[in-house]
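Trainee: Here is what each chain is made of, one letter per residue.
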Amino acid sequence: MAEKVTHSIVVGGAIAIHTQDGVIRRVRPIVLDNNDPKGWVIKARSKVGGPQDAEYTPNRKVQPAFIALTEKNRAYAYDRIRYPMIREDFVETPDGKNRNTENRGISGYRRASWDEALDLVVREIKRIQTQYGPEAITAMTSSHHSWGNVGYKISTFARFFRMLGYTEVKDNPDSWEGFTWGAPHTYGYYWRLGCPETFDLLEDGLQNVETMIMWSHDPDTTHGGYAGNESVMWRHWLDDMGVQFIYIDPYNNFSSIKQADKWIAPRPGTDAALAEAIAHVWVTEGLYDKEYIAKHAHRFEEWCDYILGKGTDKLAKTPKWAEIETGIPAADIKALARRWATTKTMGGSGMRAGFGGVCRTVNGTEFARTMVLLFAMQGMGKPGQNMWGGNTGAPMDYDFWFGGYSDPLAMIWNEPIADNVAVNPVMQKLYRPNLPDAILDGHYEWYGEGFCGQGIDQEFTQNVYPAPGCSKVHMFWRYGGTFMGTMLDTNKWVRMYKSPELEFVVNQDIHFHGEARMSDVVLPACTNLERVDIGELCSSGNGGYQSHSQTGCSWQVVVFQDKAIEPLWDSQSDYWIFAETAKRLGWGEKFTEGRTELDWCKRYWEKSDLCERISWEDFMKKGYYIPPVPEDRVRRYGFRWFAEEFPCDTPNHKPFQEEGKLGTFTGKWEFVSESLQYWAPHDEVRTPIATYKHSWEGHHAIKAKKYPLQLISPHPRFDYHTQHNSSTPWFWEIPENRVYINGNPYLVARLHPKKAEERGIKDGDIIELYNERGSVLCVAVISYRCEENTVHAYGSSGIYNPVTPGEESMDIGGCVNILTPGRLIGDYVPGMAPNSTLLEVRKWEDELPSGQFFEDKLDKVAKEGDPNAETCIEIIEGHGFEKIQEKVRKNYLKKGAAV
Amino acid sequence: MRLGIAVNSQRCMGCWCCFTACKDEHCGFASKLSAAQPMMGQKWIDVREWERGDSSRHVKSASVPTLCAHCKDPACLKAGKDGAVYKRDDGLVIIDPEKSKGQKAIVDACPIKVVFWNEELEIPQKCTGCAELLDDPEYLAYLGDPALKQPRCVEACPNQALFFGDLDDPNSDIAKIVASERATQLEPLAGQESVVKWLNVPTIFLAGTVYQPKELDEVLIGAKVKLKCKETGESWETETNYFGDWEVEWLPKNKTIDIVIEADGYKAASYTAKTDADHYVDTTYMVRD
Chain A
1 MAEKVTHSIV
11 VGGAIAIHTQ
21 DGVIRRVRPI
31 VLDNNDPKGW
41 VIKARSKVGG
51 PQDAEYTPNR
61 KVQPAFIALT
71 EKNRAYAYDR
81 IRYPMIREDF
91 VETPDGKNRN
101 TENRGISGYR
111 RASWDEALDL
121 VVREIKRIQT
131 QYGPEAITAM
141 TSSHHSWGNV
151 GYKISTFARF
161 FRMLGYTEVK
171 DNPDSWEGFT
181 WGAPHTYGYY
191 WRLGCPETFD
201 LLEDGLQNVE
211 TMIMWSHDPD
221 TTHGGYAGNE
231 SVMWRHWLDD
241 MGVQFIYIDP
251 YNNFSSIKQA
261 DKWIAPRPGT
271 DAALAEAIAH
281 VWVTEGLYDK
291 EYIAKHAHRF
301 EEWCDYILGK
311 GTDKLAKTPK
321 WAEIETGIPA
331 ADIKALARRW
341 ATTKTMGGSG
351 MRAGFGGVCR
361 TVNGTEFART
371 MVLLFAMQGM
381 GKPGQNMWGG
391 NTGAPMDYDF
401 WFGGYSDPLA
411 MIWNEPIADN
421 VAVNPVMQKL
431 YRPNLPDAIL
441 DGHYEWYGEG
451 FCGQGIDQEF
461 TQNVYPAPGC
471 SKVHMFWRYG
481 GTFMGTMLDT
491 NKWVRMYKSP
501 ELEFVVNQDI
511 HFHGEARMSD
521 VVLPACTNLE
531 RVDIGELCSS
541 GNGGYQSHSQ
551 TGCSWQVVVF
561 QDKAIEPLWD
571 SQSDYWIFAE
581 TAKRLGWGEK
591 FTEGRTELDW
601 CKRYWEKSDL
611 CERISWEDFM
621 KKGYYIPPVP
631 EDRVRRYGFR
641 WFAEEFPCDT
651 PNHKPFQEEG
661 KLGTFTGKWE
671 FVSESLQYWA
681 PHDEVRTPIA
691 TYKHSWEGHH
701 AIKAKKYPLQ
711 LISPHPRFDY
721 HTQHNSSTPW
731 FWEIPENRVY
741 INGNPYLVAR
751 LHPKKAEERG
761 IKDGDIIELY
771 NERGSVLCVA
781 VISYRCEENT
791 VHAYGSSGIY
801 NPVTPGEESM
811 DIGGCVNILT
821 PGRLIGDYVP
831 GMAPNSTLLE
841 VRKWEDELPS
851 GQFFEDKLDK
861 VAKEGDPNAE
871 TCIEIIEGHG
881 FEKIQEKVRK
891 NYLKKGAAV
Chain B
1 MRLGIAVNSQ
11 RCMGCWCCFT
21 ACKDEHCGFA
31 SKLSAAQPMM
41 GQKWIDVREW
51 ERGDSSRHVK
61 SASVPTLCAH
71 CKDPACLKAG
81 KDGAVYKRDD
91 GLVIIDPEKS
101 KGQKAIVDAC
111 PIKVVFWNEE
121 LEIPQKCTGC
131 AELLDDPEYL
141 AYLGDPALKQ
151 PRCVEACPNQ
161 ALFFGDLDDP
171 NSDIAKIVAS
181 ERATQLEPLA
191 GQESVVKWLN
201 VPTIFLAGTV
211 YQPKELDEVL
221 IGAKVKLKCK
231 ETGESWETET
241 NYFGDWEVEW
251 LPKNKTIDIV
261 IEADGYKAAS
271 YTAKTDADHY
281 VDTTYMVRD
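For the protein sequence lines, the chains are A and B, in the order given. Going letter by letter, the first sequence gives residues 1 to 899 in the numbering used here. Going letter by letter, the second sequence gives residues 1 to 289 in the numbering used here.
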């Protein structure tokens, strides 16, 4: 009965996993032992009423979010894909036609062996390549459904498809659209995709800040990306010091409701108007850093003219004007502006200061740009004056390089990790938010490279699908996670999947989520806990586009992600699936370079600084390595170099940046953007001067007559992307998350008491959220935490339960993205705007549909192999989980006895 | 030695790590001290939350991690027959999973509803304080320091809202936090001593905002706000802040409070409010003398 303890990293943080006899017993935080290094120490103010000085150092445990503590559930989940499956009415016609594609999502599956499934996949790859060319195959990864440098999407997936040749689907920056497409035109930082640098700002904040502006920011919910709960104590420390937290959000979010000294609630999508009114107060009252602006701002006076009503629109952006747009009293706007300007103020939007729900509205670019300008006006980079959201910028050892998920040097398709670089010969591209439009219409044009980290000009590259001389795509290999809950206008994706244009659809995933149910062949991948990998907590790599994101953690942790248990049922690691497919295609050796997954892990140790710090054997044994932060560390405060005019010393990679200057055309804060003036002077969505504009789907739109409420669907508190809620019925017992009724976990949707009363809706009622794109049943929570016109329901639902599966049907799984607009923000702004959604809400008076609508398919396949197999409902409500563990345990012990 | 858990409600951000860790430990796994917790339906530690306030102008929420209090004089122990509920030397209260079979009265006896009925096994179940882990010398032996062993909920808490340790050791973290923070025993346990110590569970706030005359669109900073309880004569005083906001927390429940708002050059404004619930009293536009 001895317990084995291994370690891993998942999207919710770092974890320790206890296993007993081949089954997972428990999942815990990593608690540091007495041999682990001392934490960093920051000397700063004490809490209110305390002595003069205090020292701050992190707790001696690496704190995951609660989602990470459900990894045991995710492994034995009811919706786990247990076996390779083939759609029952799939016909392998030689020409790819007449394959009953309209039945995708409707038809059930039959169990297949790996040989049968992979042989079919390989035959189809060869057919498509011969019939149309390599570009007729496309493939797309998830948004982070697992973790690790080897098994991860940009690594193993990319290695396979670059070798195969495929039409790449470019990602849009779906969590920070407005900052990517807006902020670089104001301050550069396109190499950070529009987000600011926040190096060492935790120390600066603890020592200097008096006011925190948390604008569209819910740090306790978004967890600094992948940092789990590593930063929560920092904000408690600030709070205890008496730092004033001002939260601006149409929903009094979960961080705000606990820590806000003031909650300001703009009507959704009007934040740019509020920002302009703040500027109006500052300009008219002289409340900004005039010396700094004189030196560092470009075309500031022209911008002031616009704010003061002397610009082309002749409209002064007064607090009174903003009151009408935003619903916030003019007096409060003035008070906010004055507090901000007269105290040392830091603030940010969303998880890395340049994210947040507002930047995912139609006005997102203009909000992001104006917000950056506001911080510039107060002398950004001076002590206590910066863009910083209280959840990044911890001290770290900048000299230690390991490599993270967006670091080109840390990928197994690239040198030095691989001996040979894998290069994709296909130039044709697709673009994720409009993939369905491209497939359904057969033609699609757009601007931009998705992530435009190499230069502002990348935003304006013109793309056409199909590319000249190229075939359209006819095979789609979908890998990991589902976009039903994260991309917009979900029903568009349903239509795409039913199109005969897609002759063959493969889905490789761990759980039977929305998109897996729309495929012809389903390949069961295993979880992080069932394979080996290596990775660093919350690190996108110190050369990637969100460079040094691990400063959102109190501890920098590199983990040997040891295999805790054997892959369950017939599942296999993603690496195994790709290697096995490559072998059948005749280039298996080339793909693996003769390496096992463990060999690849060791390769990271060998090629990174890790090998200089700890031996491979000790690292595997201990399970993790924490690089200590040197006690005499050098401080490199973000933007300080700019404010104080010395050569940039922050450890950020910045191609082409001139010394001492910002990455804009002029090297200054551009109040009138020269890059937009050059590239897109007539764009009406994103103008050279950032201006508040009425949204095409906002309260000024004609559609608002019919659909007067506005949905905001922020990044979820009780889920991550689409990964946890669906696998963890425990979460359905959290009243702020879901309510389990009649075999279905209904999502909570929140609305203001006034609007609820007008509609006769009471707390706990089933309500229908609807607009012309679809409808979703939710459970009403009536709350003063909502701005009056706002309906709040978390996006990224992993649960997608259309009442008529495979059709554009009402959903009871809480997939509110069915309601969001599939349209791009603008012709030149290829971002999405889920938080610009109009809808209406009514009480649901009809009978409730019963149960969920995909389990029967899984149950049928499970029973084909094993009549005693545990059904989904048995795993949710009964003893299925224990029975599965019992079987695995028996098997494990039997094998052990044989050895 | 008296093992206890301190729950600082003010620190709790409602992140549900404690709840998840507890479920992870006990759902589907029996121990020497308890039968397995069913996969759904029981919350040995629950985060009980309520919204505070009656206006979007001033709204807060309370989060109270709620688990078995491990009472000094437990009602469940009295309700249990044949030694079904017992108290350990370290102060933790345990329900014996065999002796308690059929004794639903143990569930009903709990004043804070943290004992759950297992329909299938016909037994009452609740928090064990993770005593089965604390007892096990092998558990976390790999860390090399027995002091690092904590109940799962406490270990998982990132907010320092939960503390575990020996209440009788004045140098322990738990003893220090209990000594320095506001003790707020849960109301249904009034008069009962327990080794789970709730701290800073909120009572009632009254709040408001003070503006200069309406046409000016300006907040009024530094207005004096005086509160006096009609019944007890207790009084409180505060000032409006940079937003013109005022708030008084920790008011006694179910009283009547007279409020006077004063500022130089303005007529005083007065209100009477009940502390039956948290209230936003008013948006006050002051009138010149």
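Rather than coming from a laboratory, the hints here were simulated on the basis of the structure. Keep in mind it's a predicted model, so treat the numbers as computed, not measured. Take these hints with a grain of salt, some might be off.
Stretches of chain A that chain B covers, calculated by requiring three or more beta carbons in the stretch to come under 8 Å of a beta carbon on chain B [as the list claims (entries may be wrong)]:
| hint | segment |
| --- | --- |
| 1 | 19-27 |
| 2 | 31-37 |
| 3 | 262-274 |
| 4 | 783-794 |
Virtual Cβ for every residue (Gly too), placed ideally from N, Cα, C.
Trainee: Confirm or reject each hint.
Mentor: Status of each hint after checking the structure:
1. 19-27: holds (count 3)
2. 31-37: holds (count 4)
3. 262-274: Coverage by chain B holds here, the residue count being 3 at a Cβ distance below 8 Å.
4. 783-794: holds (count 6)
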